[in-house]
Amino acid sequence: MSKEKVVGEIKQSTIAEFMRKRTQLVGFEFGFNKHMQYVAEFLDNALDAIESFYWRFPEAYSLENNISNDILDEIVSKTKEMIEKNKENELKEFRVAEEVIEHVKEFIDPIRTLLDMKEPVVVIWLREVETPTFLSNAHRQNVRVYEFTIFDNGGGMIPQDLKKFGIYLASSKSEKLRQTRGSQGFGAPSAFTDAQNTTGKPITVVSKHYSRDKATVASFFTTTKNTKDYVIHPRNVEPPFPYGTFVKLYYLNIMYKRGYADVYVERAALLNAHVTIVFIDPYNEIHVYPRRVSEFPPEPKYAKPHPASVNIGEFQDLLRDTKQRTLLSFLSKTFSRMSSEKAKKIIEEANEELKKLGLPLIAKNTDPKKLTKKQIEVLFKVFTSQKYLAPSKDTVVPVGAEVFKKVVKEMLKPEFVEAVTRPPTSGKGLSYVVEACIAYGGEIPYTTSSSQVLWRFVNRTPKLRDNSDCAIWKAAASVNWKNYKLDVFENGLPRGPVRLFVHVAGPFVHVMFKGQSKQALAEDKLLIREIKLALEEVARKLRSYITGKETAEKKAKRAYVLSKYAEKFAKSLYNILKTDIEFDGSIDPETLLRKMKSSIEGVEETLEKVAIVEASGS
Amino acid sequence: MSTKKRRGRTKLADRKPVWELDKLLRRVRELREQLAKRRERLGKLPPNVMVVEELPAEEVHRRIHEVARQLYMQIEETGRPVFEIPARTSDNIIYDEDHDMLLLGQKRIRRVFHSLASVADATRTIRILEIIHELIEEGIHATKREIFYNDVKLFKEQRFSDNVIEDIAAMLGTTRNSTHVVAAAKGAAIGRLVIRDSGDVIDLTKLGSGGWAITPFLDQVEILESDAELVLVVEKDAALIRLAEAKYWNKLPCIIITGKGSADIATRAFLRKLVKELKIPAFALVDSDPYGHYIFSVYLRGSKKLSYESPFLATPEIKLLGVLSKDLDEFKIPKEVRLPMTKADIERTEQLLKEPFVQRNKKWVRDLELMLERKEKAEIQALASHGFKYLTDQYLPVKIETGDWI
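Protein chains in written order, with our numbering: chain A, 1 to 618; chain B, 619 to 1024.
The following block holds chain A by itself, in its conformation from the complex (with noise of 0.2 angstroms):
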């Protein structure tokens, strides 16, 4: 054999190389749900920029104004001759950051109003574009190219954070466990490696932070090797707005179809309340859900990891990346529910169990880098053996059931509704929150598929996907909603004019989540259970204003029987005593009828009509 350097066969990639050709594991695959994957990804982005910059500074959005019809309807006139404007379809091909305002004016124009006012506001547009010629085999089996332009008014990027836009796992989301929508830097630029791998077309990027006088303005590709290559480079310009950003890309994708991005957005608006949003889609209709609440909801808590939620894997992390020199205030200050006492007496049992071993035993002040692989194996299995309190519940921020209650009767236009939040719960060192809201009958139509019943949330993002295998499903179909006057589907969820909403929110969901996807909540006894009675709860005061309901209707239509029969009853008696000698024609068929319907339960409503009209003397 020869004895030549062997090359080793295994290269060390970067996540960048990775990712691009494997946009798939995070929703980015030709189908549906693409067109939904986008919204979703650069929506909660966009809620995101809102709600941090508004925690920051609160100062920024003005939530007393009431929205009217009339600015709605500007918005949408507007909108439509923007439309209108742009009926051809082309596909912009930007040279100069010129070029990139002007377009950013026009499509920021028809809210102008709302950024006066000062209002948090995000645009969507989705729409179909003319197929370049070098695509068009792909035009033939159905695939189009999709121009997809997004804005929100939330704090603006600085241009250094402009550069790392895109780049993967570039996150303005910590580590650090909170309550969040749950991305951790895998969507947006997977979403540019996907735009540019389909279409080759660049990302244009215009972005001013509320800090800096001047917007920046960006066209580029992103590279396997992380970076970037411009095709208009990052300049400064005059802001065409006072803050916020705007993302315009294209996409390859199937054509676009109603019940997925619609759906996402229709459903995120739900929960997001305190944002306007307008969505535009590719049968250039236009949905507007205007901000219905006057609150934006409390920034959550950090959270530290809970001693029971840890694995050996991240205990070895944690001990890897602290920040902290001794053991004793590595174990008190990273984790929640842990005392310096508990802490010591963590150390000593350890060392008790070393000893027995004939081990080196550790110290409070022992480095923590600087433990050996035996010793982090003891001090975790001592560590997990504690008894904890329950992790504190003011991580968790729920909606809040009368806010719930306000919006769905405000968008679904129910003729009930009732909503509930269960007391924060804890499991495995996990807190989290369980809400419910059941809408019934009014304007909300009768469905023929159950996935349409049920609107699933988490961390107030709905989740369309993986319907059936979520831990919300399977808890809305184990309740026995017969006993609640509902029918039911096969599958177990009601069925008729009736919407559930369901929404886990805490700092740990990304952990609580079935797989990558990050679309179903894994089957937890604990979390079933409380969805369930959260349902359950919701479904009880359901039946009651049913049982009501068929009440009155029962009394309604007995009423309007006797009523009818009355009529006829008291002209036939009338027709006989009126030549009776003992009344001689004293008798008043109007008095008579009046009298037997008096005594009808129900007719009330008639009899007052009545003694009006006898009232005023006609």
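Treat the hints with care, since some could be wrong.
When the alpha-carbon atoms are kept at most 20 angstroms apart in a straight line, the in silico SDA-like pairs for lysine to any residue are as follows [what the hints assert, rightly or not]:
#, chain 1, residue 1, chain 2, residue 2
1, A, Lys578, B, Ala675
2, A, Lys554, B, His732
3, A, Lys578, B, Glu684
4, A, Lys557, B, Asn768
5, A, Lys369, A, Thr447
6, A, Lys568, B, Lys993
7, A, Lys105, A, Ile232
8, A, Lys482, A, Ile546
9, A, Lys568, B, Asp769
10, A, Lys373, A, Gly358
11, A, Lys571, B, Asn768
12, B, Lys771, A, Arg558
13, A, Lys374, A, Lys406
14, B, Lys774, A, Glu567
15, A, Lys571, B, Arg698
16, A, Lys568, B, Leu753
17, A, Lys554, B, Ala738
18, A, Lys564, B, Val770
19, A, Lys564, B, Arg763
20, B, Lys771, A, Ser336
21, A, Lys364, A, Ser336
22, A, Lys571, B, Asp882
23, A, Lys571, B, Arg687
24, A, Lys555, B, Lys771
25, A, Lys568, B, Val770
26, A, Lys474, A, Ile444
27, A, Lys405, A, Arg543
28, A, Lys571, B, Ala675
Only part of the chain B face toward chain A is listed, based on derived beta-carbon distances under 10 angstroms [to be verified]:
#, residue
29, Val685
30, Arg687
31, Glu694
32, His732
33, Val737
34, Arg745
35, Leu747
36, Leu772
37, Glu775
Residues from chain A that keep clear of chain B, each with C-beta distances beyond 12 angstroms, as calculated [as the list claims (entries may be wrong)]:
#, residue
38, Glu84
39, Asn226
40, Ser517
Quick caveat, the hints were computed from the structure, so don't treat them as lab data.
The C-beta atom is built at its ideal place from N, Cα and C for all residues, glycine as well.
Keeping the supplied structure of chain A fixed, place chain B upon it in accordance with the hints.
Here is chain B on its own, set in the frame of chain A:
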């Protein structure tokens, strides 16, 4: 009185008919006495009963107004009218055969307006009360069907309006006829009788050969005078024309009526009226078959479903004169004109034999059993096998003279 079977006695076929009225009608007059005596045995009426009887129009009108006033009072006080209707279940109807009276007990059905279950019926009740009131005020009559058509929307089906008509008759304590609700009439009458019918005086001996069509408006019929000593009820028109042609009432002082195949209400009511007022016996002349016996039973005590009306249309004194099964031999009816009984015939005969009112009459039982044994039947026209005048000249006089009836 029954014929005694003596060994070697003369068959009725060979007996010579007697036309001297005293001899001919001796048995008939005896029967008449018997019936009169029975009526005199008046016992006391049971307590707490309401007598149902034919009433003159003024009385019916008065009672209607009484009911209406009561309803008015109820509405004035509570707004909730209620009808109290006598129940016509078997435990509340008593047909007093001795007094020949229909009695209703105390049981009442409350029909309230203010209930989904009875609002429709209550409204139908007042509506029909209104209609009957109108009939009586105007002095006109209507059939059940016409009343139904008066307000089809409200009545929905004729059986509903029919039931309410009966309810009202019971509530007013009278017969349906008295409420001016009549049934169509099919029958005819001829013979020694003078009546006033809706103002016209009619002599039933001077109506040619067809006779007088029995009117459904029985309350319009007044019996003025009659010297008949019996009523002959013939099943079929065929017998009537035979008797009419012979002007039989000149030979035998009688009135002849027929239902022309059925025993319809008007004919039954008319027969009952005749018998009650003239106090003369009635004799049925039917085919010698189960259907004929059935027709007889209807005249005798009403149709099988003892509806409220039926006892009112019964003539409990009527006797079955012929054609009996035993008559077939007795009068030497040839085999060729006798027909075999069908399965349905046999079933009907067996049904009749099960009836208690048949079982009480031994002679009747014997005749039916004979019919079953022979499995033969014959129509009354079969008598023509001995000649067209056999019925009038031999059969009837001999039967009547010998008192050969059941």
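What's the verdict on lysine 571 (chain A) and asparagine 768 (chain B), does the C-alpha distance respect the 20 angstroms limit or exceed it? holds, 15 angstroms
Quiz item: When you look at the beta carbon of asparagine 226 (chain A), is every beta carbon of chain B farther off than 12 angstroms?
Solution: Fine: 78 angstroms to the nearest Cβ keeps asparagine 226 (chain A) off the interface.
With chain A as the partner, please determine if leucine 747 (chain B) meets the hint condition of a C-beta pair closer than 10 angstroms. Constraint on leucine 747 (chain B) satisfied, holds at 7 angstroms.
Once the shortest beta carbon distance from valine 685 (chain B) to chain A is found, is it less than 10 angstroms?
holds, 9 angstroms
With the threshold set at 20 angstroms, check whether the alpha-carbon distance from lysine 774 (chain B) to glutamate 567 (chain A) stays at or below it.
holds, 18 angstroms
Checklist entry - Is the Cα-Cα distance between lysine 568 (chain A) and aspartate 769 (chain B) 20 angstroms or less? => result The given pair, whose Cα atoms are some 11 angstroms apart, holds under the 20 angstroms limit.
- Query: Does the alpha-carbon distance linking lysine 474 (chain A) and isoleucine 444 (chain A) stay inside the 20 angstroms limit?
  - Reply: Given that 20 angstroms is the threshold and the Cα spacing comes to 23 angstroms, the pair is violated.
Between the alpha carbons of lysine 571 (chain A) and alanine 675 (chain B), is the straight-line distance 20 angstroms or under? violated, 23 angstroms
Q | lysine 578 (chain A) paired with alanine 675 (chain B) [C-alpha distance capped at 20 angstroms] | A | holds, 19 angstroms
Q. Within 20 angstroms, alpha carbon to alpha carbon, are lysine 571 (chain A) and arginine 698 (chain B)?
A. holds, 15 angstroms
Original post:
Going by Cβ atoms only, is glutamate 775 (chain B) closer than 10 angstroms to chain A?
Top reply: Not OK, violated: glutamate 775 (chain B) not within 10 angstroms of chain A, min 17 angstroms.
Supplied contact hint for arginine 687 (chain B), tested at 10 angstroms Cβ to chain A
holds, 7 angstroms
Figure legend: structure checked against the earlier numbered hints; hints not met, in rising order: 4, 5, 6, 13, 19, 20, 22, 24, 26, 28 and 37.
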